[in-house]
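**Q** Here are the chains, one letter per residue:
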Amino acid sequence: MRNAFANAFYELAKNDRRIYLVVADITAAAGVASFQKESPERFLNVGVAEQMMIGMSAGLALRGCIPFAYTIATFTIYRPFEQVRVDCAYQNLPVKLVGVGAGVNYSTLGGTHHAQEDVAIMSAVPNMTVLAPCDPAETTLVTRECMGVPGPVYLRLGKAGEPDLTSAADPFRFGKIRFIRRGTDICFLTYGPITKMALDVAVRLEREDKKSCGVVSVHSLKPLDEEGIRDVLSRFPVVVVMEEHAPTGGLGPRVKELAWDAGARCRLKSFSLKDEFIHVYGSHADLLKAHGLEAGIIYADVRAFAAAATH
Amino acid sequence: MTNPHFDAAAARERCRKFRRRILDISQTVGALHIAPAFSCLELVDTVYFGLMNRTGNPDTDDTFILSKGHGSLAQFVVLEELGIIPREQLENYCKPGWPLATHPDYGIPGIEASTGSLGHGLGLAVGMAYADRMDGKDRDVYLVLSDGELMEGSVWEALMVAPSFGTTRIVALVDLNDFQSLGQTSKILPNFYPMLDKIRAFGWEAVEINGHDHQAIYDAVTRRNKARPMVLLGKTTKGKGVTYMENVPVWHYRSPDPEEYKQAVKQVEES
Chain A
508 MRNAFANAFY ELAKNDRRIY LVVADITAAA GVASFQKESP ERFLNVGVAE
558 QMMIGMSAGL ALRGCIPFAY TIATFTIYRP FEQVRVDCAY QNLPVKLVGV
608 GAGVNYSTLG GTHHAQEDVA IMSAVPNMTV LAPCDPAETT LVTRECMGVP
658 GPVYLRLGKA GEPDLTSAAD PFRFGKIRFI RRGTDICFLT YGPITKMALD
708 VAVRLEREDK KSCGVVSVHS LKPLDEEGIR DVLSRFPVVV VMEEHAPTGG
758 LGPRVKELAW DAGARCRLKS FSLKDEFIHV YGSHADLLKA HGLEAGIIYA
808 DVRAFAAAAT H
Chain B
30 MTNPHFDAAA ARERCRKFRR RILDISQTVG ALHIAPAFSC LELVDTVYFG
80 LMNRTGNPDT DDTFILSKGH GSLAQFVVLE ELGIIPREQL ENYCKPGWPL
130 ATHPDYGIPG IEASTGSLGH GLGLAVGMAY ADRMDGKDRD VYLVLSDGEL
180 MEGSVWEALM VAPSFGTTRI VALVDLNDFQ SLGQTSKILP NFYPMLDKIR
230 AFGWEAVEIN GHDHQAIYDA VTRRNKARPM VLLGKTTKGK GVTYMENVPV
280 WHYRSPDPEE YKQAVKQVEE S
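The listed protein sequences derive, respectively, from chains A and B.
Per the numbering used here, the first sequence runs over residues 508 to 818.
Per the numbering used here, the second sequence runs over residues 30 to 300.
Simulated from the structure, these hints should not be mistaken for laboratory data.
Where a beta carbon is used, it is the ideal one built from N, C-alpha and C, also for glycine.
Each hint should be verified, as a subset may be incorrect.
Here are the computed lysine to aspartate or glutamate pairs in the DMTMM-like style, where the Cα-Cα straight-line distance is at most 20 Å [what the hints assert, rightly or not]:
no.	chain 1	residue 1	chain 2	residue 2
1	B	166	A	548
2	B	255	B	298
3	A	521	B	164
4	B	166	A	523
5	B	255	B	181
6	A	763	A	707
7	B	264	B	207
Stretch by stretch, here's where chain B covers chain A in the computed footprint (C-beta under 8 Å, at least three residues) [unchecked claim]:
no.	region
8	552 to 560
9	590 to 597
Sequences are here, hints too, so could you generate the full structure?
**A** Okay, structure coming up:
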């Protein structure tokens with residue numbers, strides 16, 4: 508995803524002098540490296556100074572520029588949160604806040620590097636758009652769409668090595684949920700790199716339990732495609748939300764709100780990170796598992812849940 | 030392009046009128062930041078009337094950011110004098126349905142950044158000045174900060190970055206009144222001062238002058254060496270112009286009662 512962003516950014520920025528990349532001593536390879544080489548005056552490393560990264564970005568935006576501020580997600584939004592809120596959102600400026608390695612992706616770096624409440628926090632900020640693509644191809648599309656958003660955007664990215672999941676997906680429409688797999692019995696609503704796990708569970712449920720499973724990438728968390736989600740809630744007997752995010756303030760609670768308001772009759776279950784700082788290290792998958800997010804566990808849970816739903 | 034006809038005597042007269050105007054506004058609200066406004070009034074006045082290039086073209090005019098947003102009345106009375114803020118709006122300061130309140134809000138004519146939380150203006154200014162440099166614009170960014178504001182780490186991030194990025198067209202005027210909300214800075218944080226060498230060590234041109242002396246402010250800024258961004262430390266008195274307010278912390282955010290108002294008006298008019 509990092510490289511997909513970097514290449515999409517390069518394509519946007521190479522001929523558009525309004526676009527800047529402002530970093531706080533963390534950068535990306537691929538297209539960003541080319542951009543740095545070709546347009547050093549628009550690649551600004553402010554040093555290990557995240558408040559400055561965001562404040563300066565907002566200042567550039569006040570002059571009509573379109574800055575992308577890029578670093579590890581925790582440092583993009585937590586360290587300089589007031590600059591994000593006041594400089595970017597309160598003034599409604601087109602600063603693109605790129606957070607790489609969100610969730611517990613930086614699995615061996617510990618809780619200091621885990622952005623596990625970012626969707627809740629950023630969604631709560633007025634004027635903010637929150638985007639979380641599920642794979643490199645969708646990252647490319649979402650990065651391009653950022654340019655059309657007049658206010659600030661939080662672009663929540665994974666890290667590296669994510670597989671492509673969307674080659675057979677429905678066409679991408681900005682701000683609309685996107686079926687990356689069609690089905691009729693169970694629908695998974697998800698976003699970000701954990702979409703791969705949702706697909707694995709869906710495939711297994713179909714193969715072993717003859718359940719027709721849909722998987723939806725909710726790449727725009729704010730604005731949320733409420734109409735699209737209501738439609739899912741009305742058409743599927745079982746809806747499952749899977750997210751690499753705290754149980755508070757993410758997609759799960761939002762879907763439940765919509766379900767209540769719509770009087771939805773489906774069975775609804777959500778899987779998220781725990782409300783905990785866990786001191787477990789290892790691979791990204793190891794950390795997700797420690798939070799209870801593992802394909803086998805979720806498969807068994809959903810299978811039982813879906814069986815109960817049909818009785 | 031600074032104003033070669035800047036007249037310090039006329040500026041003093043203007044500031045007397047501004048203080049009187051702020052005192053009048055104080056009688057329409059329960060609380061306001063009167064002492065912080067009085068403290069920076071000469072700094073703000075000199076920037077607008079002596080230093081800024083103002084032709085009405087937003088693409089080329091100099092920029093002003095009141096980074097110590099709680100001093101907003103100082104900026105509002107100046108903008109009113111310039112006809113940018115209508116009198117009616119200031120008459121309805123902090124009233125429901127009207128746009129002017131305790132802190133400047135981006136989008137109001139004449140207000141170029143939303144401030145109120147301290148430590149934001151200088152970072153914005155570096156971004157603006159960098160964009161101006163890239164666009165080849167002959168344009169300065171002026172700011173007024175408070176000394177308490179210099180306690181925010183974000184200010185030091187910006188102080189570190191600005192000279193390194195060649196953003197030389199920034200003039201940051203600091204309202205150095207040695208008072209913060211809860212008391213005297215030099216007592217609360219004895220190592221906070223001296224400030225001059227700290228700023229210089231970060232690569233800025235820095236001078237310290239009397240921040241109520243229009244001519245001194247004007248001269249220091251117009252004579253600056255434009256190879257570096259500039260910090261002007263203006264030594265000021267919080268609540269300047271009304272003796273019972275001067276250096277008394279409660280006036281950070283209090284309105285005078287009718288008796289105190291009369292006394293203050295008398296002093297300002299006789300000064």
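**Q** All the hints need checking, so say for each whether the structure fits it.
**A** Evaluation of the provided hints:
1. 166/B x 548/A: Cα-Cα ~16 Å, so holds.
2. 255/B x 298/B: Answer violated: residue 255/B to residue 298/B is near 39 Å, above 20 Å.
3. 521/A x 164/B: holds (17 Å)
4. 166/B x 523/A: holds (18 Å)
5. 255/B x 181/B: Distance of about 26 Å is beyond 20 Å: violated.
6. 763/A x 707/A: violated (24 Å)
7. 264/B x 207/B: holds (8 Å)
8. 552 to 560: holds (count 5)
9. 590 to 597: This one holds; 4 residues, not fewer than the three required, reach chain B with a Cβ under 8 Å.
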